[in-house]
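Read top to bottom, the protein sequences are chains B and R.
Numbering-wise, this note's numbering comes out as the position in the first sequence, counting from 1, plus 6.
Numbering-wise, this note's numbering comes out as the position in the second sequence, counting from 1, plus 1.
FYI, nobody ran anything at the bench for these hints, they're computed from the structure.
The C-beta atom is built at its ideal place from N, Cα and C for all residues, glycine as well.
Don't take each hint at face value.
To be verified - If you only want the chain B side, here are some residues facing chain R, beta carbon under 7 angstroms, derived:
| no. | residue |
| --- | --- |
| 1 | Asn-24 |
| 2 | Cys-26 |
| 3 | Gly-27 |
| 4 | Leu-30 |
| 5 | Glu-42 |
| 6 | Gly-48 |
| 7 | Pro-86 |
| 8 | Tyr-243 |
What the hints assert, rightly or not - Among chain B residues calculated to face chain R with C-beta under 10 angstroms, some are:
| no. | residue |
| --- | --- |
| 9 | Arg-25 |
| 10 | Tyr-36 |
| 11 | Arg-60 |
| 12 | Asp-92 |
| 13 | Phe-165 |
What the hints assert, rightly or not - Stretches of chain R that chain B covers, calculated by requiring three or more beta carbons in the stretch to come under 8 angstroms of a beta carbon on chain B:
| no. | stretch |
| --- | --- |
| 14 | 23 to 34 |
| 15 | 62 to 74 |
| 16 | 82 to 95 |
| 17 | 281 to 292 |
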Amino acid sequence: MNIVQLRKLSYDEVCRCNRCGFCLPSCPVYAVEQRESASPRGRNAITRAVIEGRVGWSRDIERSIFSCLGCGACTAACFPSVGTRDVVMGDRACLAGEGLQPETADRLARSIGKSHNISEEDNEERGDWREILRDVPDDAFEKDAAEVVYFVGCVASFFPMAQKIPVSMSRIMERAGVDFTILAGEERCCGYPLIGAGVPEHVEAHRAHNLRKVQEVGAKAVVFTCPSCYHSWKASYDAEVELLSAPEFLERLIQEKRLPLKELRATVTYHDPCDLGRQSGVFEPPRNVLQAIPGLRLKELPNNRQMSVCCGGGGNVEMVNPELSGRVAQMKIEEIRSTGADMVVSSCQQCLRTMLTRARREKVPLVAKDLTELVMEALEGETS
Amino acid sequence: MDRKPWIEQIEEIVGPDHILTSDMDRILYGYDASLAKGKADAVVLPGDTDEVSRVMALAHRERIPVIARGSGTNLSGGTVPARGGVVIHLSRMNRILEIDLPNRTATVEPGVITLDLQNRLLRDGFVYAPDPASQKVSTLGGNLGENSGGPHCLKYGVTTNHVLGAEVVLSDGTVMWTGGKTHDSAGYDLTGLLVGSEGTLGVVTCMILRILRAPEAVKTMLAVYDSIEDAGNTVSAVIAEGIVPATLEMMDRVVMQAVEASVQAGYPLDAAAVLIIELDGMVDGMERQAQKIQAICRRHHVREIRTARDDAERAKLWAGRKGAFGAITRLKPSYMVGDGTVPRTRLPGVLKRVLETGEKYGLLIGNVFHAGDGNLHPLILFDERVEGELERVKAASSEILKICAEAGGTISGEHGIGLEKLEEMHFVFSEGDLAVMRQVKKAFDPKGLLNPGKVVP
Ligand SMILES: Cc1cc2nc3c(=O)[nH]c(=O)nc-3n(C[C@H](O)[C@H](O)[C@H](O)COP(=O)(O)OP(=O)(O)OC[C@H]3O[C@@H](n4cnc5c(N)ncnc54)[C@H](O)[C@@H]3O)c2cc1C
Numbered sequence: 007m008n009i010v011q012l013r014k015l016s017y018d019e020v021c022r023c024n025r026c027g028f029c030l031p032s033c034p035v036y037a038v039e040q041r042e043s044a045s046p047r048g049r050n051a052i053t054r055a056v057i058e059g060r061v062g063w064s065r066d067i068e069r070s071i072f073s074c075l076g077c078g079a080c081t082a083a084c085f086p087s088v089g090t091r092d093v094v095m096g097d098r099a100c101l102a103g104e105g106l107q108p109e110t111a112d113r114l115a116r117s118i119g120k121s122h123n124i125s126e127e128d129n130e131e132r133g134d135w136r137e138i139l140r141d142v143p144d145d146a147f148e149k150d151a152a153e154v155v156y157f158v159g160c161v162a163s164f165f166p167m168a169q170k171i172p173v174s175m176s177r178i179m180e181r182a183g184v185d186f187t188i189l190a191g192e193e194r195c196c197g198y199p200l201i202g203a204g205v206p207e208h209v210e211a212h213r214a215h216n217l218r219k220v221q222e223v224g225a226k227a228v229v230f231t232c233p234s235c236y237h238s239w240k241a242s243y244d245a246e247v248e249l250l251s252a253p254e255f256l257e258r259l260i261q262e263k264r265l266p267l268k269e270l271r272a273t274v275t276y277h278d279p280c281d282l283g284r285q286s287g288v289f290e291p292p293r294n295v296l297q298a299i300p301g302l303r304l305k306e307l308p309n310n311r312q313m314s315v316c317c318g319g320g321g322n323v324e325m326v327n328p329e330l331s332g333r334v335a336q337m338k339i340e341e342i343r344s345t346g347a348d349m350v351v352s353s354c355q356q357c358l359r360t361m362l363t364r365a366r367r368e369k370v371p372l373v374a375k376d377l378t379e380l381v382m383e384a385l386e387g388e389t390s
Numbered sequence: 002m003d004r005k006p007w008i009e010q011i012e013e014i015v016g017p018d019h020i021l022t023s024d025m026d027r028i029l030y031g032y033d034a035s036l037a038k039g040k041a042d043a044v045v046l047p048g049d050t051d052e053v054s055r056v057m058a059l060a061h062r063e064r065i066p067v068i069a070r071g072s073g074t075n076l077s078g079g080t081v082p083a084r085g086g087v088v089i090h091l092s093r094m095n096r097i098l099e100i101d102l103p104n105r106t107a108t109v110e111p112g113v114i115t116l117d118l119q120n121r122l123l124r125d126g127f128v129y130a131p132d133p134a135s136q137k138v139s140t141l142g143g144n145l146g147e148n149s150g151g152p153h154c155l156k157y158g159v160t161t162n163h164v165l166g167a168e169v170v171l172s173d174g175t176v177m178w179t180g181g182k183t184h185d186s187a188g189y190d191l192t193g194l195l196v197g198s199e200g201t202l203g204v205v206t207c208m209i210l211r212i213l214r215a216p217e218a219v220k221t222m223l224a225v226y227d228s229i230e231d232a233g234n235t236v237s238a239v240i241a242e243g244i245v246p247a248t249l250e251m252m253d254r255v256v257m258q259a260v261e262a263s264v265q266a267g268y269p270l271d272a273a274a275v276l277i278i279e280l281d282g283m284v285d286g287m288e289r290q291a292q293k294i295q296a297i298c299r300r301h302h303v304r305e306i307r308t309a310r311d312d313a314e315r316a317k318l319w320a321g322r323k324g325a326f327g328a329i330t331r332l333k334p335s336y337m338v339g340d341g342t343v344p345r346t347r348l349p350g351v352l353k354r355v356l357e358t359g360e361k362y363g364l365l366i367g368n369v370f371h372a373g374d375g376n377l378h379p380l381i382l383f384d385e386r387v388e389g390e391l392e393r394v395k396a397a398s399s400e401i402l403k404i405c406a407e408a409g410g411t412i413s414g415e416h417g418i419g420l421e422k423l424e425e426m427h428f429v430f431s432e433g434d435l436a437v438m439r440q441v442k443k444a445f446d447p448k449g450l451l452n453p454g455k456v457v458p
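Bound-form chain R, shown alone (with noise of 0.2 angstroms):
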């Protein structure tokens, strides 16, 4: 690549360490999680504040993409650079900068990784609830870009309900401030809009998050099913009942084969499908709770429940779901992971839909899911180095979106819409819809520089 005059400008902005050019790099910052791929002009690592304004205001007026990444992981093509430019990798800018405990807040840079906070808060017994399954890699800026959920979002809600406030700069470098450390604040909800806008808006800086006390005690149990659609059944009878779980998992049989082959987290392999059922809060009263979801699934045929002793196994049937996504590469080497959602009493109707979708196209699918939010994710899986396959997949999960759609659902729970899934966004808003965003996202980056390309149509 002939050196471009601005790479010497930014050199000068984040030091000559903190700039990467080669082809290498370049390619390094050409992935995520997803099947997308493209490829970076530069990439920069920068230090504060200070200089991703100096950094955008500098790509502002020299015309360059800019793609803000955390770890990378995000599962539909949200850092992949569609257009070139510049990827500021926001790994340096990991400090927890303050926990307020009487106000219920931790301020933190967007490069810090969510377990980390996590683990942090544990030893002063409170929590930031989201737990996306990444969590132990997936940075806290890329869960507001993606607004991420998890397991236990179920109960306490996705990315968007825990993000108090944020320091943002603007396309042209400004920088300002939306919300604070309140729980509300006046004019528009700037704050919220910012949450899933997957870098297309501004590149966040410093957050301030909610923070909850940790539950006094957690029971986590595994209920074991013969057949998928008794499991889904119990999923949305548990609710109609008004029970809410911390978390109601679903996991299929070919993925727990997947799983048992990575961890061994003791998932029946002759099941057709489990759920993971977690109750948290106050000792008093949880026993009760758990009879009442028992004979619930009593009632759906369930074929066993476990209930786990002790932590040790809690975090063992919690690992096996964790490592779904990344252990079915065991089967195949590449899948797509879909990423619908449905009201919850439709979920068995679909998800037959989505195992015949499978058939149709004679692909493999292996579901693992927040079936209590109605959240699926259904597994394609296949082989990228196989002509055609990826067509094949694409034309596949599309038409699964479809049937999300169809439903009275939609088409992103939680992984975004990134370069992946730009076109299914016309199932679910119509052309007067898109519209408004388009006039949103040209108020914020009137020269299209953030993440070109990128969740609008």
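This is chain B alone, in the form it adopts within the complex (with noise of 0.2 angstroms):
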């Protein structure tokens, strides 16, 4: 993208702005860093100030611009509305232009290119989390028709951490009597961490591809445990059939008693993810799905729904700055103790991952649980 493409893509946007500031206190990365640059005022203002010619690209610049976690928290507190997440990853898209994209953008982008993947790994071992079922064949879970379609996504494939997730998922579709298939070796980065990335032009080949794939097998439905895959999905795939996150499916297969739930004796506080809560408005069926488990108490974080704070894991931020992303999630992670929980539910391999990771480096005692792991430890009546 150059200067004239931005300008029309977010002058009106960044000029809507009147500078309250009424963002500053809802964007996780001021509250870290507490200067202008990392504030969604301040980075309105930058994209105004390049568009307008007061000041040039520079690596300064690069940095508040990829210091935003694109969570979206500035938008929901802005009552004009302006849309700052959009107006950042079009900057992004100017700087990759310039060539001023930070080293890690670059280099995801080149390896999602070549490997199809965020992991540099081969794409064929896309469906390696199966090994951890010992029961089930190499190929487990792989149709060539099939009614619903299990989009599992990059991160929950290929790290270790989150592999939990698609487990659980596959089993309790399983046991619930589920039609579905995963495309295992033929499924492709979902593009959206290229949006972030500064490269949104290389995200067609990838739509494409998935979504003939999902034609192939003559799906009525794809499933994604990924909140940012189903954000992406949902809202630049075209898809002509239906989305659903793994929350949504589960509070179907609930409603249509097709998951006999056992007693699980436990207080647990729900994190909304920002790609599923704020970006696509899937804020009560987790919570319904917590409250058909008997015995579960949820109590909410004091952020919630449309104000929760980000885990500090979006916008590519926890690879461009790990450092500034774990500071974020340790504010998360005191939010989470504040409510005395015995556990954190989410939604999201990123928001676990981000999480665990820094309270392992921190050596704080947190649990962190999927709703998918969760769900599953109610259908065997595991006590957790």
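Can you join these two chains into the complex? Each is in its own frame, and there are hints to help.
Right, here's the structure in full:
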């Protein structure tokens, strides 16, 4: 992208920012860094100054723009509802056009281009999480035709810490008698991290491939345990099939009485992932699923739903600036601990990974589980 | 920019992470919530009083302007570096140092967010009364700088009535204390002088604030009117009856439309104006007082009175009011907000003339304000990017302040003078008055380095 295109995309938007500053306290990055360049108001002002030719792109601007978590809390707090997240993504595309993107973002984009996933591993290994399920064949859950495609996503496919999620989800669906398939080696990155890396033009190839695969299977629905994949499909895929996040799908299975949940005695709090809650409007389904588990008590976080605070794992910040991401995660952990709950439940592999990594590093006891894990436990009647 | 030698010296004081000099940062500290713009030479993020003092001593030696900054939400250009210089952003000095319940005081650093202190106090059943609509982002240092008010200041008074003492760094770096924990202090009331001085007399690094017990009960009503005049007359009548509600806020149709598009506060979009009337205090007698107010409203042709049934409904009514300035850019990208204050009895007449001024200049004006205090906030809407509009807006804004001054009022209720209301100081002060103010400034800041170009023309 160049400045002419950026002006078209963002100028009116940033001019609606009247600098009232109401976004400042909602921005986790500002809370940590406490300087204007780390605030949504600052990012809008930078964009405006660049468009108006008052300042040129620079490494300082790159740091500010690539430190945005894309969590959207600023827009939720903004009375004229300025879409700073999209403004920032436009800026990133421009910075990348100038060759000013961070080294890590560039590497990520190149790696996705080559291996079709964010991990630099061979994409054929996408289905390797099935090895955890000792009693199934190597090609388990792969079918030529199915009603539902389960889109696993890169993080849950490749990162051991998150592989419990597809393990739980596939078992739950099996238990409920869902006719589903995974795409295994034929699943490709949804493209979302490419937008964050400043190369949105690279998304199309991935989109087309994934859509074609879903079509080949003849599925009526795609189910996601990753809220970012889900949001990405919903926002830009133009899919003709139903798209469901795991919490929505689980809620439906429970309503249809296909999941006999046993008692779990625990008090949990729920963390709304940004891409599921604020970006996609899915707030109640995960709560309804939790409430359906007998014996489980839900204690809300002080900042919940629209006001939920990002875990620190959004916007590729975890790769570009792990230190910053960790400090945001620390705030999140403190908020979670203030509830006194036994554990935090979320519906996002990235949130869990970010929070647990920080907790481990700081040696704070934190139990964090994905909603699918908890539902699996309730199906088996384990006590947590 | 060529790297000035003093930058390295500041670096030694605060550490390299806490001084910003990039072109980007200098622009980012060049604005606030007003329309004014400037460019800083450097930005410093000090961690304690000693660092502030050393930076200011250096600035004094080098004759560099110093601009104190909280969250930069003031509406008059108060933090815009009109003549360059060093912006001292106090965001890192954000600790609540002590809450002393028996003595009813809170001691805080200036970077504490107003609402953070209020939420903390509420846990013990206490309040810090001044509640600017921007309280969730404004700092207590900024509140002090502007002598900020808010809806509840009708009953409880503005910031100056709640600051008991302050630690202040003077222009040469000297650190001194004014006032203290007691409610009276001997000698000149320098605390009173500092409050509202917009960073032109010193930089405050610690504040002792007065705190109050939270009221036992609260009742919030929304009175809906088909004419602005009826709403205005209700305000004067309530006060004339000797009733002092906790708040008496007014909003007109233009503002309600912008607000409703942002948060569904439930304001009636076909009404001409609404009043938010809140009572607080003891449960005993509250109902009687509410009925008295409702009777006055009815005498002035109120269309409907709604009462918030619970905290959630009350919060909704207030969310709309507090976001009104921000929401207004749903209608037009820029706004200039006036801050004139008039005697309450003159409100209906002045309001009419404000709207006429808008028509004369062909500008849309929305009104949202602290009616009980007679403190008007006409919001003039426009698009900064359209050539010539800003000049027209400034002319209209100035004319409105003149109307306020002529009605026996003044040109600022709570947003300060900063850069934007400088010329209008002449509407309310004689040359002699201004000369005295200049002498006060000179006594504190002989070199004219503290937030230069502000407050006194
Ligand atoms: C949407 C909106 C609603 C608002 N509503 C209200 C309202 O209801 N009532 C009201 O009164 N105002 C209101 N304001 C104006 C503004 O929020 C207040 O003036 C507020 O007190 C500014 O706080 P701040 O931390 O942003 O200060 P800043 O804007 O950063 O600074 C304000 C002034 O104080 C000085 N200053 C800051 N810190 C110090 C310090 N430590 N020592 C000495 N001087 C210092 C600065 O130099 C400057 O002159 C509103 C603004 C907006 C955008």
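Practice problem: If any of the earlier hints don't hold here, list their numbers in rising order. | Solution: As far as the earlier hints go, 8, 12, 13, 17 are violated by this structure, in ascending order.
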